[in-house]
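Student: Starting from the structure of chain A, add chain B where the hints point.
There are 2 protein chains.
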Amino acid sequence: MNPQEIESLSFQIIDREAGPHGFDAAEWEIVRRMIHTSADFDYMKTVRFHPLAIARGLAAIRAGNPVITDTEMARSGIRKASVEAFGGSVTCLIGQADVRMYAEKAGITRAKAAVDMALPLMTDGIYVIGNAPTALLRLMEQIRAGQARPALVIGLPVGFVNASESKSELAQMDVPHITNLGRKGGSNVAAAVVNALLIMAGRTS
Amino acid sequence: MNPQEIESLSFQIIDREAGPHGFDAAEWEIVRRMIHTSADFDYMKTVRFHPLAIARGLAAIRAGNPVITDTEMARSGIRKASVEAFGGSVTCLIGQADVRMYAEKAGITRAKAAVDMALPLMTDGIYVIGNAPTALLRLMEQIRAGQARPALVIGLPVGFVNASESKSELAQMDVPHITNLGRKGGSNVAAAVVNALLIMAGRTS
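Quick mapping for you: the protein sequence lines, in order, are chains A and B. Mapped onto my numbering, the consecutive letters of the first sequence carry residue numbers 163 to 367. Mapped onto my numbering, the consecutive letters of the second sequence carry residue numbers 163 to 367.
A hint or two may mislead.
To be verified - Covered stretches of chain B, going by a simulated chain A footprint (3 or more residues, C-beta under 8 Å): (1) 167-173; (2) 235-246; (3) 322-335.
Claimed, not checked - Not the full set, but computed from the structure, chain B residues with beta-carbon under 8 Å of chain A: (4) Thr253; (5) Thr271; (6) Gly348.
Rather than coming from a laboratory, the hints here were simulated on the basis of the structure. The beta carbon of each residue, even a glycine, is placed where N, CA and C say it ideally should be.
The following block holds chain A by itself, in its conformation from the complex (with noise of 0.2 Å):
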């Protein structure tokens, strides 16, 4: 089997064995993909969608608006080739010097320092969270702030301290989400997220 019958196949056992689901069909492109990505089932009773977020994020990427991750393991697991056919970009400013310094002397964490330096950037755009926390802590407030004004957040922090907190918090606010309830996530999780709305837009372009 080549890796596209691989895939095919794999959808047609996430789809039988998932059963019946009340996601719609774009909504569940997405879902399936973060089960392929994970092998958990979870994810069907935990994903959150914002009324407006595919539409939103497709729009966005069909723009050539910029993604912007957290951590380069989620910017590693998009497709970025497919981003730059829209002509947009994969940006991930956390291992910047310029990041570095601001969280010194602000005294922040290099995650927070990083939505800060990027709320230019991020105007229309997709922010994809799937490692820390804090992070989407930060960009709530900016966006609480009217400072930070992002297309779509796709927040799917991992862990054991303040995800699940954050993300329960994100999927109450009225800024098109894509989210997760309790600690599960991640980077991957993240990019399969992304990666299934860049074949969504590509495909109804």
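Tutor: Frame of chain A, contents of chain B only:
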């Protein structure tokens, strides 16, 4: 809380919720980091250590031997500065032009081609597979053929086709390995195993 305090609190929560287990201290340090990165306690039940795995992994790191990954995501998740502090490097061949050329010429997947192209490099090194079961199957084939001689195989591919099968096979092979049974796994979990070894190698060398 700063990132170190968050990590330390996370480990306390994991220790408490995990309860009693049969892992020795070094094994638990690895399993705990797998749980930390995935928020998934399943790894306690499914992880498998070859008796020589940790000793060989630590020796390879301290000798500065190469760490080779199947994906850029796994490479991104590994603390490269720690590998480099021992004189080693983290390499992923999958995106290289010569791997693509060889894959096309031989009519095999790039995942397989990347294993073949890494043969001279991997001797006494650590081979990390977090994504592609085909890469793990090829690596085991080359080990059995006497062509591949890694010090340690970290085999944690994820997915619905051949991931579980390939890992069951690795778990029974007499080559130093860290793997898990079942479909779950991933580049993030594989990177977490390497990072746990790096921390141990740094602490006790």
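Student: Was the hint right that Gly348/B lines chain A, CB cutoff 8 Å?
Tutor: holds (5 Å)
Student: Check, residue by residue, whether the segment 167-173 of chain B contains three or more positions whose beta-carbon lies closer than 8 Å to a beta-carbon of chain A, and give the verdict.
Tutor: Holds, because 3 residues of the segment 167-173 of chain B bring their Cβ atoms closer than 8 Å to Cβ atoms of chain A.
Student: Can you confirm whether chain A covers the segment 322-335 of chain B, using C-beta to C-beta distances below 8 Å and requiring at least three such residues?
Tutor: holds (count 4)
Student: Tell me if Thr271/B is really an interface residue toward chain A, meaning its C-beta lies closer than 8 Å to one of theirs.
Tutor: Check passed: Cβ of Thr271/B comes within 6 Å of chain A, closer than 8 Å.
Student: Given as covered by chain A, does the segment 235-246 of chain B meet the bar of three residues or more with CB within less than 8 Å?
Tutor: Coverage by chain A holds here, the residue count being 4 at a Cβ distance below 8 Å.
Student: Checking hints one by one. Is Thr253/B an interface residue toward chain A, by the C-beta closer than 8 Å rule?
Tutor: With Cβ-Cβ at 14 Å, over 8 Å, it is violated.
When held up to the earlier numbered hints, the structure conflicts with hint 4 and nothing else.
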